[in-house]
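Numbering (the working numbering), first residue to last: 63 to 469.
Only true hints are included.
Think about it this way: if two alpha-carbon atoms lie no more than 20 Å apart in a straight line, the pair counts; the simulated DMTMM-like pairs of lysine to aspartate or glutamate are:
| id | residue 1 | residue 2 |
| --- | --- | --- |
| 1 | Lys73 | Glu188 |
| 2 | Lys73 | Asp176 |
| 3 | Lys73 | Asp187 |
| 4 | Lys148 | Asp158 |
| 5 | Lys148 | Glu196 |
Bear in mind the hints are in silico, worked out from the structure with no lab data behind them.
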Amino acid sequence: MLSTSSAQVVKATLPVVRAHGEAITGTFYQRMLEARPELLNLFNRANQATGEQRQALAAAVVAYAEHLLGDSPVPFAPVFERIAQKHVSLGITPADYTIVGKHLLAAVGEVLGDAVTPEIAAAWDETYWLLACELIAREARLYHTAGAAEPADVWQHWRVVDRTAETDDVVSFTLVPADGAAAPRHIPGQYVSVAVELGEGRGRQIRQYSLSGPPGAGYWQITVKRVRATGAAPQGMVSTFLHDDVHIGDLLRLSVAAGDVDATAGDGPLLLVSAGIGLTPAMSALEHVAVTSPRRPVVLVHADRSRRSHAMRHRLPRLHTQLDDLTVRLWYEEHPADTDPAGLPAQVATGRVDPDQIPLHPDAHVHLCGPVPFMSHVRQSLLRRGVPAERIAYEVFGPDMLRAAQV
Numbered sequence: 063m064l065s066t067s068s069a070q071v072v073k074a075t076l077p078v079v080r081a082h083g084e085a086i087t088g089t090f091y092q093r094m095l096e097a098r099p100e101l102l103n104l105f106n107r108a109n110q111a112t113g114e115q116r117q118a119l120a121a122a123v124v125a126y127a128e129h130l131l132g133d134s135p136v137p138f139a140p141v142f143e144r145i146a147q148k149h150v151s152l153g154i155t156p157a158d159y160t161i162v163g164k165h166l167l168a169a170v171g172e173v174l175g176d177a178v179t180p181e182i183a184a185a186w187d188e189t190y191w192l193l194a195c196e197l198i199a200r201e202a203r204l205y206h207t208a209g210a211a212e213p214a215d216v217w218q219h220w221r222v223v224d225r226t227a228e229t230d231d232v233v234s235f236t237l238v239p240a241d242g243a244a245a246p247r248h249i250p251g252q253y254v255s256v257a258v259e260l261g262e263g264r265g266r267q268i269r270q271y272s273l274s275g276p277p278g279a280g281y282w283q284i285t286v287k288r289v290r291a292t293g294a295a296p297q298g299m300v301s302t303f304l305h306d307d308v309h310i311g312d313l314l315r316l317s318v319a320a321g322d323v324d325a326t327a328g329d330g331p332l333l334l335v336s337a338g339i340g341l342t343p344a345m346s347a348l349e350h351v352a353v354t355s356p357r358r359p360v361v362l363v364h365a366d367r368s369r370r371s372h373a374m375r376h377r378l379p380r381l382h383t384q385l386d387d388l389t390v391r392l393w394y395e396e397h398p399a400d401t402d403p404a405g406l407p408a409q410v411a412t413g414r415v416d417p418d419q420i421p422l423h424p425d426a427h428v429h430l431c432g433p434v435p436f437m438s439h440v441r442q443s444l445l446r447r448g449v450p451a452e453r454i455a456y457e458v459f460g461p462d463m464l465r466a467a468q469v
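With the sequences and hints as input, model every part of the structure.
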């Protein structure tokens, strides 16, 4: 809890910090990465280039201050947990918080200038360290649960034992621990960080990918969509590398499984709703339910550009035979058809998902994964139809975890 004096100062200065948030965080990244260029390996350079990273950090800092003051328009706890989980997948250390704090507070002073009195600097320093200490404590517990004595221990080498082209732009990689150990069992909905050395002086980059295979199968699987350049956004550095340069027999560095969203939570009816590559955790969930509770009623709703772009669709006929009560509803923006050529009994509609047409059991547990606007649209419909908010889980990838909390 903020001290009374600091709370008064933060409340009084919050509008100014909010208004200059992106300038502050932009200055912060510039200062920190100039002083510690090796830290660039931790950050998504595409998000740095588009400005998404600094926008997200500014929003998170302001949101935490609002949370401390009791003025937060959205719950901060889910944002906090997502940040901690992602940090563990990156191997963030307590020392990293000292570096961030030094440059973030210096950036506040640089942007706001003489307006930052010693009292204001002290109040925002206290705010930052309250957040940092909470995250350090939570991450220590997560490292312990993952069996990592040190943050660096989250990283292990895994060998690619299979590579499957799912679509023109999507590839699945099947991996086993390079040391011959058993693959740890993951929870459907969890993800791993993948670190790659890009070569040609481009350094290391890290990305997160959902585990798309069945838990407890003796291997892990990630399914990667090639990110193509669009407008100001460059092509995906890691996805391009994985597609073009990683083959059977190669080694990849993977983190422990992270993420607190269980896509198969509950024991009643299950509704899985996904769009595009957001299908990956849903496939892991289907594989898990097919083995552990095949009589459980499951509805899969998926939106994609077309049948051709629908990754892992070939698995659905098999899963349909393994699950006693699986309903599949597909929405394709292009090339509609009345029946699915893979032999899967499914209803196929044209255009974008109409969430009011999603089959819904009143007791269903729901898992969403896809672009934030898609998830928000579907979630609002489900809430209107009577699904309690606590039975709707969702995962988001990218820097904007605050916006995700507003889904």
